[in-house]
Amino acid sequence: MTEAISTMSNCLKSFEKRLAGLPDQEASWLQALRTKARDRFRATGIPTTRHEEWRFTNLKPLEGVAFTPAGTEAAPPVEIPPFVSEDAHRLTVVNGRFSPEMSHLEGLPEGVVVKSLAAAITENPDEVSAHLGKYATDPDHAFLQLNTALFRDGAFVVVPRGKVVEKPIVLLSIATSGEEPYSAHPRNLIIAGEACQMTVVEAYVGATDSTYFLNPVTEIVLEQAAVVDHYRLQEESSEAFHLGVLQIHQARDSNFADHNLVFGGGISRVDFNAGLHGEGIECTLNGLTLARGSQLVDNHTFIHHAEPHCHSFEVYKTILDESSHGVFNGRILVAQKAQKTDAKQTNQNLLLSGKSTINTKPQLEIFADDVKCTHGATIGQLDANAIFYLRSRGIREEAARSILTRAFASYVLERIKVEALRQHVEDLLCERLPMGELVQGAL
Amino acid sequence: MLEIKNLHASADSTEILKGINLSVKPGEVHAIMGPNGSGKSTLAQVIAGREDFEVTQGQIHYLGKDLLEMAPEVRACEGIFLAFQYPVEIPGVGNTYFLRAAVNASRKYRGEPELDAMEFLKLVRAKVKLLKMDETLLKRPVNEGFSGGEKKRNEIFQMAVLSPKLAVLDETDSGLDIDALKTVANGVNVLRSPERAIILVTHYQRLLNYIVPDFVHVLHDGKIVKSGDKSLALELEEKGYSWLQEAVAS
Chain A
-7 MTEAISTMSN CLKSFEKRLA GLPDQEASWL QALRTKARDR FRATGIPTTR
43 HEEWRFTNLK PLEGVAFTPA GTEAAPPVEI PPFVSEDAHR LTVVNGRFSP
93 EMSHLEGLPE GVVVKSLAAA ITENPDEVSA HLGKYATDPD HAFLQLNTAL
143 FRDGAFVVVP RGKVVEKPIV LLSIATSGEE PYSAHPRNLI IAGEACQMTV
193 VEAYVGATDS TYFLNPVTEI VLEQAAVVDH YRLQEESSEA FHLGVLQIHQ
243 ARDSNFADHN LVFGGGISRV DFNAGLHGEG IECTLNGLTL ARGSQLVDNH
293 TFIHHAEPHC HSFEVYKTIL DESSHGVFNG RILVAQKAQK TDAKQTNQNL
343 LLSGKSTINT KPQLEIFADD VKCTHGATIG QLDANAIFYL RSRGIREEAA
393 RSILTRAFAS YVLERIKVEA LRQHVEDLLC ERLPMGELVQ GAL
Chain B
5 MLEIKNLHAS ADSTEILKGI NLSVKPGEVH AIMGPNGSGK STLAQVIAGR
55 EDFEVTQGQI HYLGKDLLEM APEVRACEGI FLAFQYPVEI PGVGNTYFLR
105 AAVNASRKYR GEPELDAMEF LKLVRAKVKL LKMDETLLKR PVNEGFSGGE
155 KKRNEIFQMA VLSPKLAVLD ETDSGLDIDA LKTVANGVNV LRSPERAIIL
205 VTHYQRLLNY IVPDFVHVLH DGKIVKSGDK SLALELEEKG YSWLQEAVAS
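Residue numbers (my numbering), protein chains in the order written: chain A, -7 to 435; chain B, 5 to 254.
I should point out that these hints are in silico values taken from the structure, not numbers from a laboratory. Careful: at least some of the hints might be erroneous.
To be verified - Per label pair, the in silico range of CB-to-CB distance:
#: 1; chain 1: B; residue 1: N40; chain 2: A; residue 2: E423; range: 45 to 51 Å
#: 2; chain 1: A; residue 1: D130; chain 2: B; residue 2: G179; range: 54 to 60 Å
#: 3; chain 1: B; residue 1: S17; chain 2: A; residue 2: R47; range: 39 to 45 Å
#: 4; chain 1: A; residue 1: T200; chain 2: B; residue 2: R129; range: 44 to 50 Å
#: 5; chain 1: B; residue 1: Y113; chain 2: A; residue 2: G63; range: 54 to 60 Å
#: 6; chain 1: B; residue 1: E148; chain 2: A; residue 2: L97; range: 43 to 49 Å
#: 7; chain 1: A; residue 1: K332; chain 2: B; residue 2: Y245; range: 57 to 63 Å
To be verified - Facing chain B, from chain A, some residues (calculated, C-beta under 10 Å):
#: 8; residue: V70
#: 9; residue: P73
#: 10; residue: F380
#: 11; residue: A392
#: 12; residue: Y403
#: 13; residue: E406
#: 14; residue: C422
#: 15; residue: P426
#: 16; residue: L430
Just so it is clear, the structure is predicted and the values come from calculations on it, not from any experiment. Glycine included, C-beta positions come from ideal geometry on N, C-alpha and C.
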């Protein structure tokens, strides 16, 4: 039910101000998309814990904050994080706006497109309109609809048929500090052509202690036999809200791997939705979350096996320290015709303190009868036997605990193929562990 | 080197060690034998400092210092090594990294400079050769996927690298076939020296054919009921533990 504006929270009011200004001076297909999204957002509003999908994730802190749109003036100077190598293909948005000065788009291989989405909407309207909003369509996901209604810019990436892009394509989102809380809604659309191969790194970094609402949505389409290795690094400010969606659409024989690396944010929730719409598809989701303080990190994943003979493999590891709160929901839907599905899901949670909590829920909906679907979840603390073993060799207790925590993360760390990113994630991990400098290179 | 006086220890308020007295000097090899449940493993773990056991009475002095006051990692740095009965698997932690961390922890404690990767590798390679072990062991995570024999060999290998003053081997022979037993025994014998003391906790006499002890003690119901030299082990082998139990009861 749509609320009267007078009863809306500050947050909703601030969005409503902008929504009321739609539609803008844009192509009619886009206007229609935005209008529909606006109406859906108005209908759903901000989810509360009474919504099943948000049962464990309390967004009340969001309500009291009024978010101004990120400014149109040039953003303050920012630094490119050191783990992004000089020569990587890089498109940077600052506070949701494309920044040509901070991007590096020279030397792209022939036929490969990496450009501002806003520019692509004007210059490549047919291609963009054929895909934008066609995959991320959940009418009840408030933050998906909010992004569709309000996004200004982001990245448009196309890798043509058969092309192998050697260097990673980095889509960098930087949120700066502002005098007032602001919101930014970057939108990315990535099209992987038939039998192409690429590596994409989406990195979300924010100024420490800055309060903002980052609402990113990325749609990735894999055509037949495309191979995409995707990394998502989240290092937002500890006062930030990071609420977004990653939507993957896979055609037959394609291979998608995601590495979801979460270290930041005050309240963070991303929905990872993968649609396996063809036979012979491989879909791998790896996740590593390290939360502390009073961070809340919610990872919701959804893998839809729509066709037979597909393989999905999900390993999510969460480390929770101090008073942090983790939420994991792993949904797998196997359609009736999806025979010979092989789906495996593992969620392991390490609680480093007596005050951290985790809510974990596997959600398997299986309608085919000739399938292999396994799932497992563990919640535990560091193994006391292992700690004693290390101490009996002279290693101090604190160091022993950190070594074992790093070992817990190693499954996901080892699988990061972009070396600079892997080292950076190892640094992030070790910085947050007592005597962490000892633990570098533990494997 | 090690003086244990009237040691009483419990786990979960059940008393396991009921007054142990033992004296070990450098260069000596002591075998501790006894039936299951006699407290052999408990004794080994209490010396190493396992906190699951509560020492309720008695003292342990090591090199003249109060051992019970020391945390497990301090005891290790002071030169005590426990070869575990059930070595722990630690996936995600490499053998080489682990050993180097252990070696450097001791060196730091003694005020010696730490070894860098190259120096450490040199040290380790020499020990691998000495013990006739397989170098691929170094590249694997600690004990992950190791067979029982491989885990026990890895314990002896660690002992060789860490060069302890007092080595306590907790049932290092159990679950091993003859070949593995010989390799492990060889590894221990190579490390025998006048400065080093070894305590062998074992259920079976068999190991003592290969590692010949200077002293044999029999543990029964938390106390040492008989001590002797290696011939005591042979007598036990012949007559069984029940003979001793009867002798003690009378």
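- request: Against the structure, test the hints numbered earlier, and report the numbers of the ones violated in rising order.
  value: Of the numbered hints given earlier, those the structure breaks are 8, 9, 14, 15, listed in rising order.
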